[in-house]
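When you get a sec, could you build the whole thing from the sequences and use the hints?
Those sequence lines, one after another, are chains H and L.
As numbered in the UniProt record's numbering, residues 1 to 306 make up the first sequence, in order.
As numbered in the UniProt record's numbering, residues 1 to 306 make up the second sequence, in order.
Just to be clear, a hint being listed does not mean it is correct.
No copy is singled out in the list; a pair is fine if it fits within one copy or between any two copies.
Unchecked claim - Cross-link-like lysine to aspartate or glutamate pairs, in silico, DMTMM-like; alpha carbons within 25 Å at most:
| hint | residue 1 | residue 2 |
| --- | --- | --- |
| 1 | K295 | E67 |
| 2 | K133 | D268 |
| 3 | K271 | D181 |
| 4 | K161 | D125 |
| 5 | K284 | D303 |
The hints are simulated quantities; they were obtained by calculation from the structure and are not laboratory data.
Note that the coordinates shown come from a computational prediction; the quantities given were computed from them, not determined experimentally.
There are 2 protein chains.
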Amino acid sequence: MPVYVVGHKIPDSDSICGAIALAHLKNQIGEASVATRLGDISPETAFILDKFGFEAPELKLSYAGEEVYIVDHSELTQAPDDIAEATIVGIVDHHKLGDLTTSTPLECWIRPVGCSNTVIKMMYDFYNVEIPKNIAGIMLCAILSDTVIFKSPTCTTADIKCVEALAEIAGIEDFKALGMDMFKVKSAVEGTPARDLVMRDFKDFNMNGNLVGIGQLEVIDLSVFDDIKADLEADIAALKAEGNRHSVLLLLTDIMKEGSEMLIVTDDLAKVESAYNCKSVDNKVWLDGVLSRKKQVVPPLQDAFA
Amino acid sequence: MPVYVVGHKIPDSDSICGAIALAHLKNQIGEASVATRLGDISPETAFILDKFGFEAPELKLSYAGEEVYIVDHSELTQAPDDIAEATIVGIVDHHKLGDLTTSTPLECWIRPVGCSNTVIKMMYDFYNVEIPKNIAGIMLCAILSDTVIFKSPTCTTADIKCVEALAEIAGIEDFKALGMDMFKVKSAVEGTPARDLVMRDFKDFNMNGNLVGIGQLEVIDLSVFDDIKADLEADIAALKAEGNRHSVLLLLTDIMKEGSEMLIVTDDLAKVESAYNCKSVDNKVWLDGVLSRKKQVVPPLQDAFA
Ligand SMILES: [Mn+2]
Ligand SMILES: [Mn+2]
Chain H
1 MPVYVVGHKI PDSDSICGAI ALAHLKNQIG EASVATRLGD ISPETAFILD KFGFEAPELK
61 LSYAGEEVYI VDHSELTQAP DDIAEATIVG IVDHHKLGDL TTSTPLECWI RPVGCSNTVI
121 KMMYDFYNVE IPKNIAGIML CAILSDTVIF KSPTCTTADI KCVEALAEIA GIEDFKALGM
181 DMFKVKSAVE GTPARDLVMR DFKDFNMNGN LVGIGQLEVI DLSVFDDIKA DLEADIAALK
241 AEGNRHSVLL LLTDIMKEGS EMLIVTDDLA KVESAYNCKS VDNKVWLDGV LSRKKQVVPP
301 LQDAFA
Chain L
1 MPVYVVGHKI PDSDSICGAI ALAHLKNQIG EASVATRLGD ISPETAFILD KFGFEAPELK
61 LSYAGEEVYI VDHSELTQAP DDIAEATIVG IVDHHKLGDL TTSTPLECWI RPVGCSNTVI
121 KMMYDFYNVE IPKNIAGIML CAILSDTVIF KSPTCTTADI KCVEALAEIA GIEDFKALGM
181 DMFKVKSAVE GTPARDLVMR DFKDFNMNGN LVGIGQLEVI DLSVFDDIKA DLEADIAALK
241 AEGNRHSVLL LLTDIMKEGS EMLIVTDDLA KVESAYNCKS VDNKVWLDGV LSRKKQVVPP
301 LQDAFA
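And the structure:
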């Protein structure tokens, strides 16, 4: 029976590329593994897979009785629904330590770096396994995505060195241009239903018993949202009600201006405003310098709920 | 401000030696660190520290406002009482993933091997830092202790190779003899109060909301307990009542016969018996081949509670 290597719900490029890269590594060291996914892939991820000649991993939602290697999270809310009936054999991640627990020993490769694929590169180095060119390519793209081409405050020296090494392996000369191509794909929001946009990169968090959903859309220019912002606001209000959430935040991130407009629906606006030390207007606020949900948005709110 | 490197409550040799070894490594790579401990050291640990010329780490119980690197566990019940007010910057461990969570990204070096010090050796290798002779000595002893000189089912090839490499560094020719010396120290129970013996290596677990305490005494010959077994049984009954525990189990492990007698006090004897597929007599049962609390005792009971 293989180990299934799977990223979080509403998979991003790090989850998908990481699952493929880690499953390959595990197979090389004699541990039969299959990359899977918990949901549809985003246009950005489709662009990456297509560019390097990969199919999307198999969609697989149930893991009861199976062995699972978790990629890019350690949160129950982001894991397969029946994860409690599976055996978690490992976790590779770069986020805060979440509420997944196990009843047997496992391996955890968790580092405070910009991307899970940077950690997976460390695993390849540890096992002294060569990274195929096309896998180096998708790993590189995942790191450029998670670190917003090194602009995110989550980006570390390890991520930059890792991208440089992967570019060499993959034979990519101008990886920043490739990163911009990726973000251009991400910026094409026209014609996409509001719900699809909101859910494109959306994570639920359990904050001291309160369910808080935080979505993020990273684009090259916020003007792409001018015509649809009202739709997005209406949609996150609906999403809050449907999921019995305490709050839903949607970050519209301008990667060139290096900041985010946050759209807010919440049961406690004062708590949200105090978390970010800001004053919203019409449930919207510009947060200058805020690019990272993980480092700049989740911790202050988590602390406000503590 | 330094990072405090600290093992679990009722520290064993792995927690103490691991804290010393990891603090040294961190200091070598420019991260100011201080090894600390959450309780008294055991006679075995005192023997190890004395043999290699170390003082016990500083006793420090409160970590509010501090940065902490956790060694040899990831369980709230085994961590400092005020860990929620501290920042966990890292975890090195070899147990099941417990219920510690964080609000910020951290590093986790967790592997399904026999001892945290085996993982710490991997960290030295990763950072390419030389292990001083005396630190190699205490790390080696911790691994021999946790793996019961390689007899425990938790022992892996990685642990054996690690001990061999550390023996070379420390200049120890007969590490198995050193291991037996250590277990002879551990076997000297005469004259020690029952409570001190029970608490010498005792861990509390939260099993689906039920507090379960499991102690273990590893000796070369179970006959050392003949005169004091009734005292031990009375003491774990008292411990159960004092702590409002669902169960207290005490494993009397014979490392030569390679099995454990389990003393049981519990609110649900049938659950305990079914977990280990055994029938107790007078709340005692011999479990042949059972040497490891972590691998053979905790998971079946955890599953029974699930
Ligand atoms: Mn990621
Ligand atoms: Mn240990």
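Against the structure, the hints come out as follows:
Taking identical chains as interchangeable, the C-alpha atoms of K295 and E67 lie at most 25 Å apart only when they sit on different chains, with a minimum of 17 Å there against 30 Å within one chain. Proximity of K133 to D268 under the C-alpha cut-off of 25 Å is found in neither arrangement, the shortest distances being 49 Å within a copy and 57 Å between copies. Proximity of K271 and D181 under a CA criterion of 25 Å is satisfied in neither setting, with 38 Å inside one chain copy and 59 Å between copies. Within a single copy, K161 and D125 get their C-alpha atoms as close as 13 Å, and across copies as close as 19 Å, so both meet the 25 Å cut-off.
Within a single copy, K284 and D303 get their C-alpha atoms as close as 21 Å, which meets the 25 Å cut-off; across copies the closest is 47 Å, which misses it.
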